[in-house]
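2 protein chains.
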Amino acid sequence: MATGESVGAGRPGGAYAELCGLARRWGTLKAVHDLVSWDQETYMPPGAAASRSEQVAMLSEMLHEQRTGGRVGELIAACESDPDIAGTPDSDVGANVREFRRDFDRATRIPTALVGELAKTASLAAEAWKQARSASDFSSFAPWLEKMMRLSRDKAACLLPCTPAAKEPYDALLDEYEPGMTGAGIDAIFTPLRPRLSGLIAELARSPRKPDTAILGATIPAERQHSFGHTVLGAIGFDLHAGRLDTTTHPFCSGFGPGDTRLTTRYREERFTDALYGTMHEAGHGMYEQGLPKAAHLGQPAADAISLGIHESQSRMWENFVGRSREFWVWALPLARAVFRPALEHADVEGMYRAVNTASPSLIRVEADEATYNLHVMIRFQIERALIAGSLPVRDVPATWNRLYKDYLGVDVPDDRRGCLQDVHWSFGLVGYFPTYTLGNLYAAQFWETINRSLPDLRAQMSRGEFGPLRAWLNTNIHAHGRRDRADELCRRLTGRPLSADPLMRHLEGKLRPIYGV
Amino acid sequence: MATGESVGAGRPGGAYAELCGLARRWGTLKAVHDLVSWDQETYMPPGAAASRSEQVAMLSEMLHEQRTGGRVGELIAACESDPDIAGTPDSDVGANVREFRRDFDRATRIPTALVGELAKTASLAAEAWKQARSASDFSSFAPWLEKMMRLSRDKAACLLPCTPAAKEPYDALLDEYEPGMTGAGIDAIFTPLRPRLSGLIAELARSPRKPDTAILGATIPAERQHSFGHTVLGAIGFDLHAGRLDTTTHPFCSGFGPGDTRLTTRYREERFTDALYGTMHEAGHGMYEQGLPKAAHLGQPAADAISLGIHESQSRMWENFVGRSREFWVWALPLARAVFRPALEHADVEGMYRAVNTASPSLIRVEADEATYNLHVMIRFQIERALIAGSLPVRDVPATWNRLYKDYLGVDVPDDRRGCLQDVHWSFGLVGYFPTYTLGNLYAAQFWETINRSLPDLRAQMSRGEFGPLRAWLNTNIHAHGRRDRADELCRRLTGRPLSADPLMRHLEGKLRPIYGV
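Here the protein sequences line up with chains A and B, keeping their order.
Every position in the first sequence, counted from 1, becomes a number in the numbering used here once 728 is added.
Every position in the second sequence, counted from 1, becomes a number in the numbering used here once 728 is added.
Next comes chain A alone, as it looks inside the complex:
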């Protein structure tokens, strides 16, 4: 029973209903914020840069105020002390209140001055990074990295009290992107995965048999790639009535709220698979956004994604597990051939399948293949964790980076531009973000095995272009539940086990060994 007249799980006028009403407002404002940011990357004329940052700053500030000010804290507390809610922590409402609390605590625990300092430093550090990278001069970026790590440690100190699983400051940062995950938890998965991956990659590198990728080099005009991308989007089930695809330098996906999810991609005319897989990747994110119950729960945790790792599992699944499968090409090749004519005239399914499944050590993360990618991520995880712990001085980052690239990938880093200066993340203060990329690959692989057991016809369906059952499975089992579960809970619930490196290794070995004949 409710204890006070303003409290009540679902009652009109109750605290929970009022909280959800406020959430709807900040969810609506967040959609506006995201649209304005999307426009900045897509159609904004360059002359608007200054006024646009003023707009974004104002919206961020209003959003922070709406999520933390007024009666929000009081309403959350009222929900928590409502026996109807407290008594059923596993109900949808109970989980929603738990997550309202999490967001509120994290948003209120960082002092405004530190928020401002982080934002200001990020914008200056990103500028310094851009110049340092183009001059391949780590020393000019080092003071900014130093400062950003110091501020990140300050931020971690603020967040530690509301990160129950944390064993080290790094965990409080990681928790922002992957709630409940810790550095030690990642370590426990990455450490055994690393030598297995490095070993496989070295073995493939030594094989005299290599996939022929010449077929991917056909020149295909961007408009035709765009048209083919739309065909694929329609088939896999990204709802173009409630979304769109545009072109940007850096592809991304942004879900603005009910009925509006936007993908971007970029076209390289001499490598059509870049845009194809980029589009399928973003569509994986997009279908997660479209599958979240935003219409009913706008602004509530119930309409949010679980974590970046789970989000990435969706993009990687469509990109790598679907898009790089033999069955996908059985369906897609005739369509591609028709749209890209005369390119691909002599391509066959087996050749396409091999061409898009290579593994070869390289220097640049964003250009890396499905297998080697994870080693790039592990290097960054190891470095950023040590930076936050203070066990790695900033000045030693380049040497450590280069040593790890030699150890894990067997490559020599020729300069910092192609080494530790290649990513913008740290300059923005995104610490704890990198590992979620590999968590995505791991979750995707583990889910994929379960899905194939649940949908024994999946491969046959894919070869006929029927992606509906897969999409429905993802929707029912993952998308529709918002942030009800933590990632590890979801993983246990769906697959019966905690996250493990085995499914990803089975996937990679099962695919790459036959292709390379090892």
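Treat each hint with caution, since some may be false.
Identical copies carry no separate label here, and so any pair may be met within one copy or between two of them.
Unchecked claim - With a straight-line cut-off of 25 Å between C-alpha atoms, the simulated SDA-like cross-links for lysine to any residue are:
1. 758 with 785
2. 848 with 750
3. 758 with 773
4. 1134 with 746
5. 848 with 749
6. 895 with 832
7. 1134 with 796
8. 848 with 1121
9. 895 with 1212
10. 848 with 753
11. 848 with 785
12. 858 with 1096
13. 938 with 1096
14. 895 with 838
15. 875 with 1119
16. 758 with 782
17. 858 with 838
18. 938 with 904
19. 848 with 1158
Treat the hints as calculated values from the structure; they're not laboratory data.
Using the hints, position chain B against chain A.
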């Protein structure tokens, strides 16, 4: 001297500085609102319609709150009682405060309930109008028109006390779009203009000599028209670094704030001049927006346009006085020929000039030519003024409409779809809006005569594609001053006379009589 410590014209911390600080915030929010609305017309996926209206409604509400709530009223009063400001009503600051007051009073005088009722009725009435138009069934729209007119009268009653020039309720509505103008003032100009225009048009219609418009019927792909549109925009001086051109069903221009002004147009492949003149028209609006001192005065009246009539004078000037001139085609034809090849291969300047300067009575306002357009407007003005006065019952609108079309334009209206149901304006509650279209033509013609006296080389410059001096004149004399002057003050200051029908008649007669040989 200032009377209190929180007051002061330009002093940091003074009331005026604080007011301008608040205005900067609502100007920034207004830019966001306008971007979100622009996206709705350009790139928004259809599935987002419902959530988008929620976003727009929330932003409108926040904007209203920012412009009327908190200390705004108090700060305006403090500025008004500051002798530094009150003593110099003609200074920039004095004019700005006068206009702050105008906006505040108008925004606060309409009760929230009436604002809500107007918005709700507009959305339902627009839907009813759409169905009534497609069925050509005035009777199903009549109750909505009735209700909208009643609400508009209620709105007029609220606004009358802050419309000093008003002599009738209609004036309070007109004043929203054309501050200081009255129905009687428009009547005084339209009444003598009407028979002169009707007479000219009838005379042209009787002439056996007609311009040959066949050249305009060449099929030209939209992309080439788009490319030519960009060439023209660049030449006339619309700043594409601080703006862009997109495609929509209904062309419009939206200035979002400093550095961001967006135009839209639509392409008809078999009539390239539609998009060309549409683009030049919107660019005229756009250059006004780009010329307003928004960076320094964002959100203040000092960064706003004077009135819709003056705004329209800019669009009509570039569309009709520049774009339909012989000199424009001397410059533009070789460029158009190169881009549109092989179309226009046999076109010559004289032929183009004649083809784009026709006058021929028709049924639909938005398709009307430069001369007959004004008669369409006069009919709407006469009807809406009588509707507000209560002297014309809603049920008599179709008959009155049809009679006036016969009297003024000599055409028989076959059905209400092509008659009194053709425009959406009244269903939205836009009463007092139509006359500003013809005021724009009149102001453009009167300014044009002055400009040609100030810039004796203008015609020669235009034939060389040099539009800089014209743009600079408009910027210096009109755009840079924001809302400092009322439209009639601007007109007297620039041309030495009040607005008159003579310049427009001289322009039309001087151009059309030779073309038609009458």
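Structure-based check of each hint:
1. Taking the shortest Cα distances, residue 758 and residue 785 sit within 25 Å of each other both inside one copy (12 Å) and across copies (14 Å).
2. In this assembly of identical chains, residue 848 and residue 750 lie within 25 Å of each other by CA distance solely across copies; the values are 23 Å between and 29 Å within a copy.
3. Taking CA atoms no more than 25 Å apart as the test, residue 758 paired with residue 773 passes in both settings, with 22 Å inside one copy and 18 Å between copies.
4. For the homomeric pair residue 1134 and residue 746, neither the shortest alpha-carbon distance inside one copy (56 Å) nor that between copies (60 Å) is at most 25 Å.
5. Taking the closest pair of Cα atoms, residue 848 and residue 749 come within 25 Å of each other only across two copies (21 Å); inside a single copy the shortest separation is 32 Å, beyond that limit.
6. Only within a single protomer do residue 895 and residue 832 lie at most 25 Å apart by alpha-carbon distance; the minimum there is 22 Å, versus 56 Å between protomers.
7. For the homomeric pair residue 1134 and residue 796, neither the shortest alpha-carbon distance inside one copy (47 Å) nor that between copies (64 Å) is at most 25 Å.
8. Taking the closest pair of Cα atoms, residue 848 and residue 1121 come within 25 Å of each other only inside a single copy of the chain (23 Å); across copies the shortest separation is 62 Å, beyond that limit.
9. Proximity of residue 895 to residue 1212 under the C-alpha cut-off of 25 Å is restricted to the intra-copy arrangement: shortest distance 24 Å within a copy versus 64 Å between copies.
10. Taking the shortest Cα distances, residue 848 and residue 753 sit within 25 Å of each other only across copies (20 Å), while inside one copy they are farther apart (27 Å).
11. When the C-alpha separation of residue 848 and residue 785 is checked against a cutoff of 25 Å, the pair qualifies only within one copy, where the shortest distance is 11 Å, while the shortest distance between copies is 32 Å.
12. In this homomeric assembly, residue 858 and residue 1096 come within 25 Å of each other (Cα to Cα) only inside a single copy, at 21 Å, whereas the closest approach across copies is 54 Å.
13. Taking CA atoms no more than 25 Å apart as the test, residue 938 paired with residue 1096 passes inside one copy only; the shortest distance there is 17 Å, against 68 Å between copies.
14. Only within a single protomer do residue 895 and residue 838 lie at most 25 Å apart by alpha-carbon distance; the minimum there is 19 Å, versus 59 Å between protomers.
15. In this homomeric assembly, residue 875 and residue 1119 come within 25 Å of each other (Cα to Cα) only inside a single copy, at 16 Å, whereas the closest approach across copies is 74 Å.
16. Taking CA atoms no more than 25 Å apart as the test, residue 758 paired with residue 782 passes in both settings, with 16 Å inside one copy and 12 Å between copies.
17. Within a single copy, residue 858 and residue 838 get their C-alpha atoms no closer than 28 Å, and across copies no closer than 52 Å, so neither meets the 25 Å cut-off.
18. Taking the shortest Cα distances, residue 938 and residue 904 never come within 25 Å of each other, neither inside one copy (41 Å) nor across copies (73 Å).
19. Within a single copy, residue 848 and residue 1158 get their C-alpha atoms as close as 14 Å, which meets the 25 Å cut-off; across copies the closest is 45 Å, which misses it.
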